[in-house]
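The residues making up each chain are set out below.
Number of protein chains: 2
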Amino acid sequence: MLHQDSYKQHISAQFNAELESVKNHLLEMGGLVEQQIGKAVESLLNRDSGLAEEVIAGDVQVNQLEINIDEECSRILARRQPAASDLRLVLAISKVITDLERIGDEASKIARQAVKAAEEGGNAGSSFVEIRHIGSHVGDMLRRALDAFARLDVDMAVQTVIADREVDSEYASAMRSLVTFMMEDPRTIGPVLGQMWALRSLERVGDHASNIAEHVIYLVRGLDVRHVEPDDLVAQVEEHQ
Amino acid sequence: MLHQDSYKQHISAQFNAELESVKNHLLEMGGLVEQQIGKAVESLLNRDSGLAEEVIAGDVQVNQLEINIDEECSRILARRQPAASDLRLVLAISKVITDLERIGDEASKIARQAVKAAEEGGNAGSSFVEIRHIGSHVGDMLRRALDAFARLDVDMAVQTVIADREVDSEYASAMRSLVTFMMEDPRTIGPVLGQMWALRSLERVGDHASNIAEHVIYLVRGLDVRHVEPDDLVAQVEEHQ
Numbered sequence: 002m003l004h005q006d007s008y009k010q011h012i013s014a015q016f017n018a019e020l021e022s023v024k025n026h027l028l029e030m031g032g033l034v035e036q037q038i039g040k041a042v043e044s045l046l047n048r049d050s051g052l053a054e055e056v057i058a059g060d061v062q063v064n065q066l067e068i069n070i071d072e073e074c075s076r077i078l079a080r081r082q083p084a085a086s087d088l089r090l091v092l093a094i095s096k097v098i099t100d101l102e103r104i105g106d107e108a109s110k111i112a113r114q115a116v117k118a119a120e121e122g123g124n125a126g127s128s129f130v131e132i133r134h135i136g137s138h139v140g141d142m143l144r145r146a147l148d149a150f151a152r153l154d155v156d157m158a159v160q161t162v163i164a165d166r167e168v169d170s171e172y173a174s175a176m177r178s179l180v181t182f183m184m185e186d187p188r189t190i191g192p193v194l195g196q197m198w199a200l201r202s203l204e205r206v207g208d209h210a211s212n213i214a215e216h217v218i219y220l221v222r223g224l225d226v227r228h229v230e231p232d233d234l235v236a237q238v239e240e241h242q
Numbered sequence: 002m003l004h005q006d007s008y009k010q011h012i013s014a015q016f017n018a019e020l021e022s023v024k025n026h027l028l029e030m031g032g033l034v035e036q037q038i039g040k041a042v043e044s045l046l047n048r049d050s051g052l053a054e055e056v057i058a059g060d061v062q063v064n065q066l067e068i069n070i071d072e073e074c075s076r077i078l079a080r081r082q083p084a085a086s087d088l089r090l091v092l093a094i095s096k097v098i099t100d101l102e103r104i105g106d107e108a109s110k111i112a113r114q115a116v117k118a119a120e121e122g123g124n125a126g127s128s129f130v131e132i133r134h135i136g137s138h139v140g141d142m143l144r145r146a147l148d149a150f151a152r153l154d155v156d157m158a159v160q161t162v163i164a165d166r167e168v169d170s171e172y173a174s175a176m177r178s179l180v181t182f183m184m185e186d187p188r189t190i191g192p193v194l195g196q197m198w199a200l201r202s203l204e205r206v207g208d209h210a211s212n213i214a215e216h217v218i219y220l221v222r223g224l225d226v227r228h229v230e231p232d233d234l235v236a237q238v239e240e241h242q
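Sequence lines, in order, name chains A and B. All the letters of the first sequence, read from the start, carry residue numbers 2 to 242 under the numbering used here. All the letters of the second sequence, read from the start, carry residue numbers 2 to 242 under the numbering used here.
Hints are supplied without guarantee of correctness; some may be wrong.
The list treats identical chains as interchangeable, and a pair is accepted whether it falls inside one copy or across any two copies.
Claimed, not checked - Here are the simulated EDC-like cross-link-like pairs (lysine to aspartate or glutamate), alpha carbons at most 20 Å apart as the crow flies:
#1 Lys-9 x Glu-19
#2 Lys-117 x Asp-141
#3 Lys-117 x Asp-6
#4 Lys-117 x Asp-60
#5 Lys-40 x Glu-73
#6 Lys-117 x Asp-156
#7 Lys-110 x Glu-230
By construction, these hints were calculated from the structure, which means they are not laboratory data. Since this is a predicted model, take the numbers as computed values, not measurements.
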């Protein structure tokens, strides 16, 4: 019996190590994606096409991490057949990496706008303040979503979901001012559209960060809040203590 | 022994029934989402805000289906602990419904543009041909992706992925002509932007349909082609017969 117990402990230690490892890989992927977004925004603001090309090339690594982590998840499910909270963790990881991969895509899209902006030269800089501001806002959201995941911190996750509403309203106001800008000087239509696409990408990053935070809430509370309005969110999460 | 065999058969029949059921629910969700996209495009082209509101309201049902199917998948994984191809099927379903849910979101976005266009009145109809064309193209892609899933038809899935490249080029050309249109008549900037956002949404629908087709390829061939260039796709899939 002693022998069997120590065997079981051994298996369970291995299993925990595997879960830790896949969680770490997810956080590593998250860190990379966070960098990609930061660099993409910098490249756009500074018209730095070298940095932009670096971001575009870096997307391959993001994609590879997604594939690797997905395989790790499948392997764990097949071999360990986890139950309850372990199963939820693996499923959440497999969803979160989809969001991270798409944030990586948005970083590439922003970088492609940066390359175009650098080629066009000129300065239709009216929205650079907004791009910087919204860029740093969604960067914070992403960092907090990943921290919330690492620590299984529901409060931080809820704050991230709520922050997305601010980003949406900042985005809408930036877009309105860009439309006005275009109308006042139609020669700026081309470059201003580029800035609009970049802003749109940043707004999508906020959505994905919010999705990640929602997975944390599901993981910890077993509560699916993907389609709950932010106003009802705090109340629902508190009910499910 | 006979008793045990028939018990095993019973379990396995139940398990197959559960897999069939979740697959059917996915196809049902796919059918609904396909309708949502079709209606959203119609509402935009005909400035039919009644139909557009129907689409916006219908998104709740799409979201609910996603949640239900996700729960069904978790339940199967927890109770049946499937292996090999059954495990791959459940994981693929759980990824595909994420794409379907996002196609549903794009349908809502298009419908919101339709409501705005109907309010604004007027007619900046230059891109209606393109919207109709790209709309029916991505509608076809989605239908084929879902058929490929239902029949596990790799060839059809490959065709769907390749079709996405055509959509991308149609999209790029439609966007160029809209930019020209805006520049020639800056009074149209507002409504034309609305059409651009709608086109962008349709282009995203194509991406998601392509993702679904990629999951079919993974399911049947065990080959992850998510980040393979379309030119290399046919060769890679043939190698993995």
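Structure-based check of each hint:
1. Proximity of Lys-9 and Glu-19 under a CA criterion of 20 Å is satisfied intra-copy only: 15 Å inside one chain copy versus 31 Å between copies.
2. When the C-alpha separation of Lys-117 and Asp-141 is checked against a cutoff of 20 Å, the pair qualifies neither within a copy, at 27 Å, nor between copies, at 32 Å.
3. For the homomeric pair Lys-117 and Asp-6, neither the shortest alpha-carbon distance inside one copy (63 Å) nor that between copies (67 Å) is at most 20 Å.
4. For the homomeric pair Lys-117 and Asp-60, the shortest alpha-carbon distance inside one copy (18 Å) is at most 20 Å, but the shortest distance between copies (36 Å) is not.
5. Taking identical chains as interchangeable, the C-alpha atoms of Lys-40 and Glu-73 are never at most 20 Å apart, the minima being 28 Å within one chain and 40 Å between chains.
6. For the homomeric pair Lys-117 and Asp-156, neither the shortest alpha-carbon distance inside one copy (40 Å) nor that between copies (37 Å) is at most 20 Å.
7. In this homomeric assembly, Lys-110 and Glu-230 come within 20 Å of each other (Cα to Cα) only across copies, at 17 Å, whereas the closest approach inside a single copy is 29 Å.
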